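Student: Residue strings, one per chain:
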Amino acid sequence: MNFKVRTTADSVTAELTGRLEFTDHDRLHEVVALLDRPGLKRFAVDLEGLSFIDSAGLGILLILQEEADHKQIPMVVRRPRDDVKRSIELAKISEMITIEY
Amino acid sequence: VIIPGRLFCLVPAWTPPALQRGLAHCFGDDADAAWGAGVPNQSILLLTAEDLPQLAVALRQPVQAVIELPAAGGADSPDQEVAGEWLAVPRAPRAAEGSLFLSLTTASAYRLPCATLVCDALEQRGLLSEGQRSGTELALQEAIANALIHGNLGLDSSQRQRGAEIATFGRLVRERLAEPQRGQRRLRLLVCWGGGRLELTVSDQGCGFAPECLDGLPGGRAHFGRGFLLMRAVAAQVQIADGGRCTALRFEL
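Quick note, the sequences are listed as chains A and B, same order. To convert, take the position in the first sequence, counting from 1, and add 4; that gives my numbering. To convert, take the position in the second sequence, counting from 1, and add 8; that gives my numbering.
Excised from the complex, chain A in its bound form:
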């Protein structure tokens, strides 16, 4: 998985590309660190560029959600498509994460 960061005055969007899977532990802390930005009021994870996600990748999204909840920063997951959208639906995590299709 790779990611790019887009920022505004009070928001951060992490745009993930490639595959988010069980070998991606080492990249997660870089994404989690985005939540430490001073003055952050909104956090988004954009999945449009993601082609595959496994259950470990879904777990990573849930950890991000918990970290955002802990810091009281609203988080949204945006634009999952194709296989990524299906994995999210099959794993039934939409009750725990706000997803914008």
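Possibly wrong hints are sitting among the right ones.
Only part of the chain B face toward chain A is listed, based on derived beta-carbon distances under 8 Å [what the hints assert, rightly or not]:
1. Ala57
2. Ala153
3. Phe177
Rather than coming from a laboratory, the hints here were simulated on the basis of the structure. Just so it is clear, the structure is predicted and the values come from calculations on it, not from any experiment. Glycine included, each C-beta is placed from N, C-alpha and C at the ideal position.
Given the coordinates of chain A, work out where chain B should sit on it, guided by the hints.
Tutor: Leaving out everything else, chain B in the frame of chain A:
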């Protein structure tokens, strides 16, 4: 050079003499050699870890098995280890139409996109349509991840429940991959097809688990543990065997 329908073997220079003799029996003229008996006309590729970046190329050929040779100094008895993997190559697959077998060390399998490579090979052989591909790859990915992380590396998902723990978990993975005892454990993938079915079996050499443990998964807001949920959602059948060391996935073609 891969020659379809012929036994062949690549022997690295460091290969100990005893292993060379065993391989000569496997792939040479001695048809009665214990390792080679009953395995005629198969294409079996032995690769070193350094060769594995070429695995995608190898799988585009009509190989029936790929076995990673043990690392130099990485196995107490490399000849016995290769013999064991050799014996795991299916002689008479249950599904008569064909099979593909991979035996990789954990250290190599972790670094390779194994599920993608296997599904690429199956798609190229005309066994998976585009519509069947994604579910098969997802289930295989989950089985491989379980075999590597929980099986061969012996790590528990409870060690990665919070953001701060993920970096530690990543470090643990790297450390255990580098340990000869864990990093050199085998991941075996066996794919058999025929009769309108595709069966993928993933085996590890870890401590296993009690299949009853799966009844409680996934747990509410737990971050991990949804692998079997996904496997069961996309595969026609998911079976656990060998005390949790083997996951068999069946798909209808």
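Student: Does each hint hold? Answer for all of them.
Tutor: Each hint, compared with the structure:
The beta carbon of B:Ala57 is not positioned within 8 Å of any beta carbon in chain A (closest approach about 17 Å), and the interface hint is therefore violated. The interface hint given for B:Ala153 holds, since its Cβ lies 4 Å from the closest Cβ of chain A, which is under the 8 Å cut-off. Using the Cβ-Cβ criterion of 8 Å, the hint placing B:Phe177 at the interface with chain A is satisfied: the shortest such distance is roughly 5 Å.
Hint violations for this structure: number 1 only, all remaining hints satisfied.
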